[in-house]
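S.K.: If you want the building blocks of each chain, they are given just below.
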Amino acid sequence: MGRKILLEHIDVPGINTYEVYRSKGGYASVEKALKTMSPQEVVEEVKKSGLRGRGGAGFPTGMKWSFLAKPEGVPSYLVCNADESEPGTFKDRYLMEHLPHLLVEGMITSSYALGANTSYIYIRGEYFYLVRILEKAIAEAYANGWLGKNILGTNYSLDLYVHPGAGAYICGEETALLESLEGKRGNPRIKPPFPAIAGLYGCPTVVNNVETIAAVVPIINMTGDEYAKIGIGRSAGTKLISASGHIKKPGVYEIEMGITVEDFIYSDEYCGGILNDKKLKAVVAGGSSVPILPADLILTTANGEKRLMSYESLADGGFATGTMLGSGGFIVMDESTSIVQNLHTFARFYHHESCGQCSPCREGTGWMEKIIHKILKGHGTLEDIDLLWDIQRKIEGNTICPLGDAAAWPVASAIRHFRQEFEDFVKNPSAQREVKYYFHCNNIDTAAAYSSL
Amino acid sequence: MAKITIDGIQIEVPDGTTILNAARMIGPDVAPPTMCYYSKLKTSGGYCRTCLVEVTAGSEKDPRPMPKLVASCRTTVMDGMIVANNTSAKVKDARAGVVEFLLLNHPLDCPVCDQAGECHLQDLSYDHGNYKTRTDFERRTFEKIDIGEKIQLHMTRCILCYRCVKTAEQITDGRVHGVLNRGDHAEISTYIEEAIDNDFSGNVIDVCPVGALTDKTFRFKSRVWFTKPVDANRNCENERCSGKVVLWYQGEEVLRVTGRKDQWGEVEEFICNTCRFDKKQTSDWTIEGPRKINRHSVISANHYMNLVKPKELKLNDIKQITE
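Read top to bottom, the protein sequences are chains Y and S. Under my numbering, think of the first position of the first sequence as 901, with each following residue one higher. Under my numbering, think of the first position of the second sequence as 633, with each following residue one higher.
For reference, chain S alone in the conformation it holds in the complex (with noise of 0.2 Å):
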């Protein structure tokens, strides 16, 4: 076991934990913002450096601090680490930085985007980004590639977070797609166009953190938070899928099916491309019930739940207030 202070606050995680775990299990004030971790993928991480973090003290043997600002989803904890997250101006400042990096050559296209809502970038950049741009040049493009019947790639809308790259090496039988080029040319691709079809290739949509890959069978069809997300399961005939799903309905209109996420926008359970892509009507599933969705998220603006009715305020309540 390792004591680490992470903004202040103490707690003892087992050895081998990264940062970014230790401060995900104090709670999401102190977690720092991740893009391309992934806690279901392997190797995941250290590519989008939003989650930089300083560390003051190495540990309790070597106090020394770390000379740069180090990824805390690849950083291990020492016995004695004390992190500075959000209380540290210079990592404020890198944030920003990585921010409007990442924003640099992104089309900024969520009025018309699927993912608007959902996106993790949408988050961090209201979160730490600038109001204005700093940029006038043209922002990179790319063709649309045309890779199968379900899934969209939108290669301009690309954080370059490998996250889809790595679901394919690991979750499905054998990857089909990966990155082309070098530099802010590089790209996500199938080299000679190639539809990517098999099992589980639908979990690419859901671990991509932007617009870039999304579902053909929802695209244009609803904004997400005029959709009600339901709980649903079923007994699926794939032995690798779970089953365990979130229906998004609109009325008695089943109109897409994704994994669970939790909290930190990551997949609890893998999904089939049957049951993701085939499965649309109610009678498919058992409805376990209402998601619960974060009630700051936008997601859940249509909703009733977790609402607490504000009370009511008598004329004297008010007098004390204004006094």
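Looking at chain Y on its own, in the form it has when it is part of the complex (with noise of 0.2 Å):
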């Protein structure tokens, strides 16, 4: 069985509530930092745990946190990242739905780290009952006194506000966040400068994942040096992973990092193998936007290792052989899977959740979408699937923000990885049509899928 940290309690009848969590030892971490630590202190110990962002990029956050500038006078922020999108990943949902303490724990201390005395939970527009669950918690928490005017008779002040997004994709990047906190059209900023010198509000801001927030809590509780040692090498610690797709088990998890990607999919206690015992084809290992790896490649590096559970080892072998761990949306495909199909649904996402602010995505992520849409009409070339490589090598790195790269990605993981069954749409177009490709439920036994739960 997996160390559960972040997950822990997840089991116990109405951790949701004050009372309960309270009981199960919650909110010791303020205790202790605030009344035996200094900000620093609590810092550095983050840095030493080796945490890395959640959300996706994998930034060390002891080190983000350093970077923080600290003028005289002016106030800093630290905003949680919940507007979490990224098709394949709900993590931060069931974090938040379970377990709303955890997060209000996690942002009180940091934000004691950060000296920050307002912060603001951004979330997803489409959780609408999910501000309800927090502001609950937020309530219950003023009410005993964690938040609010000097807290546990200090005089450390913090006000906590949940803030819902329009539910736009793009919101989940940090500057385009941050204007959408400011009340502005969630664009994107051009950076520099980063949040951490102006960000909300032009003052100095830290943007994390809910899950790195909620995070900080072990890290305090147990020290930073504990917690380096679970996980493996720089993949310090516990990540969530949504698993979904044509999986027995879909749900989210909570692993060490280091545990192989054979075990995750094939063991009873994770994903339990593939559904109605298919082959593997596929897996998008950390949310749509990272390339799509074929089974053997996921499973083994390109040097014939094992693959793990990590960010350095999914990594491994750059974007030609390797893929990233992302937000850990972790969707798996079988043979029945088609790849155009499936691509043609990023890419439509994509197309839909472009800002409009940069050329090469706002035209270009729509290009895409026509050109994989013409080829799985049936109406594609071949010269069409070396224009989408064209188009998505001018996308990637020439944009204001990540989304660029993260339409580009699919794309050209999919035609790097599975040129055969693009050119399978061009060439055949009517026998393609006959195979039975679903990317959505239909062929799945649904009554199966939920009786081996």
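Don't take each hint at face value.
[As the list claims (entries may be wrong)] Below, in silico cross-link-like pairs of lysine to aspartate or glutamate (DMTMM-like), each with a Cα-Cα straight-line distance of 20 Å or less:
1) Lys-693/S / Glu-644/S
2) Lys-672/S / Glu-898/S
3) Lys-1091/Y / Asp-647/S
4) Lys-1084/Y / Glu-819/S
5) Lys-1091/Y / Glu-686/S
6) Lys-764/S / Asp-1324/Y
7) Lys-722/S / Asp-1290/Y
8) Lys-672/S / Asp-805/S
9) Lys-876/S / Glu-819/S
10) Lys-1274/Y / Glu-770/S
11) Lys-1270/Y / Asp-1324/Y
12) Lys-764/S / Glu-1283/Y
13) Lys-764/S / Asp-1286/Y
Quick caveat, the hints were computed from the structure, so don't treat them as lab data.
Dock chain to chain to rebuild the complex, using the hints, since each chain is given by itself in its own frame.
M.R.: Structure representation (structure tokens):
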């Protein structure tokens, strides 16, 4: 049984209420941090833990915190990025729904470390029901003296607000999130300056993912050195993985980093194998934007080593034979899946969500979607595949924010690893149409899926 | 002061200068093209990605190259920075890509567009674009929106450079238009059809790099290269208006009035709507003289300014050349 840290008490009934959460040792990190540690010590502890950003990029959190500018007379802010919109990722929803107090506790401890007296949780518009859950948790925290003026009798004060977005994927990008939080159109800002220098309302700001902030709680409780021992190498700690697709047991799993991908897919503790015991075809390992990998490359690296669930191992081989851990949206596809159809779904999403600010992404995402649609409908040519490759190459790296890259990578990897399938669609469209390809649940035996749970 | 090398040419510029402005100081052969950056407008630039350059050495202290191409209009120089613009194959490739993206949904109706001849997109695609299009999809079109008596908005031609939005925000009193929707459905609009009407609103026509915002009083009157530009000024009663304009003549008639544009196509000083739309008599103005236009510009096609009469060749000279 893998070690659970964030989801340790997830099965306790009523853990979403303050009383039960407190009885299970909740808010101990706040007590420890505020009473025995200085803010700088908390930052040092997080640095020692080796915690890396859980939102996708994997940037060391302690280092990000130490970049925060601290000019005199200017407030600094902590913003929690709960705008989880990456297709395939639903870990933050799970965490906030069942353990709202863990996030609130993490916010208090982290805000203390950063010297922020006002903090925000920017939550995705579609998670409207979670706003009520979080607001209830915050109200309980206020009532019990964990938020407000002079927390625990110290001279540290904190106000915590929940701000729902309006449902744009782009507002998960940290600077677009800040624009949206300020009440403006959610366009990403041009960097530099980075939010650590000029973020929310022009003040120094740290933006962290929900899971990152939640992980601060066990780090303070067990000390950073202890936390660093969990996991493997520079991928310290545990990670929440949202497993979905053609597997027997979809859901959110907390894994200790360093288990093999094979274990994760096939062991009964986690995904439980491929649905209906079909063959594995491909895996998108970290949410829709990371490169898709075929079965052989996701299970073993190009050097023949077993691939592990960690930042380094998944990225082994660069984009030629590797992928990224990303936000942990683990989408498994069995042999009946059409990669072209799947890619069309992704491309349509990025076309719809592009903010329209910079030209490569605005025009390129739509163009790619149209070409993939054309190929899918049997009107494509072999030149279209090369054109698609050329378009993604001209988008990648040339945009203001990473949405352009996120739109380009799935296209690049699908062509890189599954070019044959594109050519089949071009050369023999009628035969391709007869094959029952569905990415949606039409041909999944749902009764069998549920009975195996 | 920071020393920076662009395409092998070294120049010393004040700290805080952007790479683009440093390149402009060297000259037009080195300066990257721009579609959205406008030196007179704060926070403009960074959107169109035509000014991408490769930084092959970050600075004296940290000579590592930057991993991605950077937007030169928003990146400040560092001492010892080495930049490749026209000499970089990567930059040329990316720029060709950007031009292709900008033209993807552009109607290319230059033959009937009033901007033709002074259109930045035309120049850009001439310099960096392909001869052929690679798309056969239907182009995106928009319904025309009425934004008042004087200004025509033709959204289909727009490349979303945000210049007009920033002009309205920074030059005029109160912005009533902005960008609606997102992605490739994004459009410049006034939301509920409302006239853009204030003293300086006409400047959005001048800052528009394409034919999306044009002067209704000039529409379809003439091609720009058939008109003769003349510098003129008047004592404008509006304090914020410079009164320094260019009159575009056809025969005796003033067809339109615009601000004076520098060699980068940017207005030197903004002018008010009275000067632009209502003063179309020669008697309203003090004439300074013919406007100098770059002789490579199509606008100078019918002018005899700046032309050098070819040397008459003697028979012996011709022999020398042919030998």
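S.K.: Run every hint past the structure and note whether it holds.
M.R.: Taking the hints in turn, this is what the structure says about them:
The straight-line distance between the Cα atoms of Lys-693/S and Glu-644/S is roughly 17 Å, inside the 20 Å bound, and the hint therefore holds. Distance check on the hinted pair: Lys-672/S and Glu-898/S sit about 8 Å apart at the alpha-carbon level, within 20 Å; holds. With a CA separation close to 18 Å, the supplied pair Lys-1091/Y and Asp-647/S stays within the 20 Å bound. The straight-line distance between the Cα atoms of Lys-1084/Y and Glu-819/S is roughly 16 Å, inside the 20 Å bound, and the hint therefore holds.
For a cut-off of 20 Å, the pair hint linking Lys-1091/Y to Glu-686/S stands: about 16 Å separates their Cα positions. Of the pairs offered as hints, the one joining Lys-764/S and Asp-1324/Y is violated, with about 28 Å between alpha carbons and a cut-off of 20 Å exceeded. Between the alpha carbons of Lys-722/S and Asp-1290/Y the distance comes to roughly 13 Å, so the proposed pair stays at or under 20 Å and holds. With a CA separation close to 17 Å, the supplied pair Lys-672/S and Asp-805/S stays within the 20 Å bound.
As the CA atoms of Lys-876/S and Glu-819/S are separated by approximately 32 Å, the hinted pair breaks the 20 Å bound. With a C-alpha separation of about 13 Å, the suggested pairing of Lys-1274/Y with Glu-770/S holds against the 20 Å cut-off. Proximity of Lys-1270/Y to Asp-1324/Y is assessed by CA-CA distance (about 18 Å); at most 20 Å being required, the pair is judged to hold. Taking the CA atoms of Lys-764/S and Glu-1283/Y, the gap is near 15 Å; set against the 20 Å cutoff, the hint holds.
Taking the CA atoms of Lys-764/S and Asp-1286/Y, the gap is near 16 Å; set against the 20 Å cutoff, the hint holds.
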